[in-house]
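Protein chains in written order, with this note's numbering: chain A, 1 to 231; chain B, 1 to 478.
These are calculated hints, taken from the structure and not from any lab test.
Treat the hints with care, as some may be off.
Rough simulated footprint, nothing fancy, chain B against chain A, three-plus residues with beta-carbon under 8 Å [said to hold, decoys possible]:
#	stretch
1	60-74
2	96-108
3	120-130
4	135-146
Each residue gets a CB set at the ideal place from its N, CA and C atoms; glycine is no exception.
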Amino acid sequence: METSRENFLNKIKNSLHHSLLPQANAEHPGSFQGYRFQADAPTDKLIEDFTRELETLSGHVHVLEDAEEIAGKILEILESHQASQIIAWDDASIGVTGLREALTKTGITIKEDELSIDNAGRKTRLSEMDEVLVGLTGAHGGLADTGAVALISGPGRGRLASLLPPVHIALLPKSRLYPSLPAFLSAHSTATDNSNLVFIAGPSRTADIEMTLSMGVHGPGEVHVIIVPGR
Amino acid sequence: MTTPNITFYERVEDALQDNQLYAALDLATTRLVTGRHNAFGALPEGDSLRDHARRLRAHTLANLDRYLAQFADSVERLGGHVHWAQTVDEANQYVADLARARGVKHVVKSKSMVSEELEINHVLEAQGVKVMETDLGEYIIQLANEKPSHIIAPVIHKSKEDVAKLFRAKINATDDDLIDVPKMTALARRTLSSDFLQADMGISGVNFAVAETGSICLVTNEGNGRLTTTTPRIHVALMGMERLVPTMEDLGVMLQILGRSATGQKLSVYTNIVTGARRTATNGAATGPEPDGPDEFHVVIIDNGRSKILGSELAEILYCIRCGACLNVCPVYKKIGGHAYGSVYPGPIGSVVTPGLHWIGPWSELPHASTLCGACQEVCPVRIDIPRMLLKLRDESARAGKGPAWLKRGLGLYRFAVLRPGLYRLGGRLSGWATRMLGKNGWVKKLPGPFSGWTDQRDFPVFAKKSFSQRWREERRN
Ligand code: SF4
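Based on the provided sequences and hints, a complete structural model is requested.
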């Protein structure tokens with residue numbers, strides 16, 4: 001037997017005649033007015049807070065100025081893991097032009113990350129991607145009060161780059177720092193136009209066994225955020 | 001939901017004998033309570049935010065039919081499929097049929113409380129599908145063939161030695177794999193990673209669904225929730241019908257309090273907001289296909305008794321955002337753990353939800369598993385008045401004649417006596433004398449005859465030498 005949408009909703013409607021719902025108002029309560037974050041906090045303060053929060057979560061923050069330094073830092077991280085392959089967003093989405101080329105010139109392979117519509121092809125691609133140790137992405141926002149970065153999926157911006165490899169490097173332009181998650185959301189009314197919006201606060205962790213912390217259980221166990229100039 | 005085969009009191013008795021359980025619960029709940037306390041301490045607007053969140057939940061439920069319709073429209077507009085399931089069987093049937101139709105052999109699951117109501121793993125396994133729980137805690141539960149004992153920390157009752165033993169028996173763990181907790185975690189990651197790459201379907205729960213956008217939000221720390229909703233070709237989200245918020249902005253409010261209440265985190269590691277399957281999308285000026293994510297998105301909206309709760313004096317319990325904070329502060333939960341409750345949802349929240357979902361049924365004892373101290377209401381991020389509803393349920397079950405016989409007998413005797421002042425005074429003096437005879441160090445371990453029911457569960461205090469009315473008369477005389 002199947003319940004129709006109409007029956008399902010009618011049952012709710014009937015129940016609502018007898019509900020005791022304390023403090024329920026027909027009107028939506030509106031926006032919350034009491035957020036204490038400083039809407040116009042200077043960038044330096046946002047960087048300082050963001051860094052402190054992410055480091056508390058065992059993430060790494062690097063504030064770098066020019067393209068060469070940025071490429072150097074990325075190579076350094078790749079070397080420390082003896083990684084020769086990466087999964088990466090496209091240049092436009094990372095926000096540093098020529099970065100992919102600079103990396104491939106040093107012998108780094110950028111893995112294909114497009115999953116096929118065909119189920120078998122999809123699984124093969126996933127298995128190939130699973131060997132990669134480092135993922136490289138941009139970021140749509142950084143949240144100063146939690147050390148989280150916001151990533152929105154899209155063409156050239158896969159989800160797996162920040163998920164499958166054990167190391168995730170995100171490039172975050174300074175101008176995209178926000179005091180908090182609600183502040184980010186109010187500035188991005190189209191954040192859910194694409195299929196995925198994710199906030200990532202540091203490395204994957206679990207405390208399921210005896211409340212003992214372990215990093216990197218399914219997602220990346222090492223997270224670097226490189227704060228870069230630009231928009 | 002399966003009903004346990006031993007009684008509530010037997011389960012409690014077993015739990016109370018278990019010293020290891022007590023130590024594990026004490027450690028975990030103390031940590032979680034301290035974490036929550038500190039997190040809210042550092043959020044000056046915490047209290048008013050909770051008030052606002054409560055108003056949001058109340059408003060959403062009062063308009064639930066409208067918001068559910070809006071949510072479904074939003075999902076369908078993006079090509080997603082919505083299925084309405086009044087019962088557990090309908091929900092299971094839908095997922096099972098879908099799996100069969102798409103030739104699904106292998107399913108990965110991320111943590112979902114509603115799927116425990118469904119017991120969907122058994123249904124899928126019965127048709128030959130391999131189902132893997134991927135949250136570390138739930139994975140351990142699955143290997144041990146048990147049930148979770150806490151909403152957010154499912155293996156709170158197990159020691160690392162228990163887990164080591166289990167890993168050795170079930171997945172051939174070596175000594176090296178079991179040196180410490182991080183090593184054990186790494187082993188679980190290795191074991192499960194091939195499941196993520198091979199799965200044909202991912203099944204998730206829903207922390208919040210957003211009516212305006214058709215998004216669902218999943219909050220996890222491990223990353224398994226993201227993988228479950230990204231690598232398999234098909235994503236099925238199982239959702240209790242009350243899990244809605246009207247807008248993305250409202251979701252922001254809820255996210256500010258959920259992590260803090262649950263684990264004391266300002267924000268969980270992954271706040272994953274999924275809006276439909278992957279599709280052609282924009283990237284600045286460019287348009288193209290999204291490289292990954294599922295090709296199909298299905299959401300199953302589940303009633304399973306919730307509309308009955310909604311139409312009652314217990315409707316407020318549906319404000320719950322499943323943070324687990326009320327478990328951690330409950331003096332009863334802290335002593336007996338989750339399994340003793342025998343139901344999917346333990347602790348104060350469970351003592352209302354479970355009898356509510358089944359309209360008491362075999363669950364009449366659960367509302368009594370509380371001291372009515374009010375700690376649950378105090379920590380609840382949406383300030384649910386759990387004690388009020390526990391009393392309501394006690395009342396209901398007494399009216400339905402479900403109270404224990406000794407209680408009825410005892411109260412009957414008491415009533416007879418208090419209506420007769422002479423008899424009452426005599427009885428008072430007699431029982432004072434009797435308790436002093438039977439008691440040791442101020443407590444009676446075992447009361448005789450019809451009163452023994454009381455001392456089966458707890459000690460009885462020895463009466464004071466002078467009764468209140470005696471003292472009253474003396475004071476007045478002076
Ligand atoms: S009743 Fe309140 S405290 Fe308990 S789980 Fe639900 S939201 Fe959390």
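Going through the hints against the structure:
1. 60-74: violated (count 0)
2. 96-108: violated (count 0)
3. 120-130: holds (count 5)
4. 135-146: Three-residue rule met by the stretch 135-146 of chain A, so holds; n is 3.
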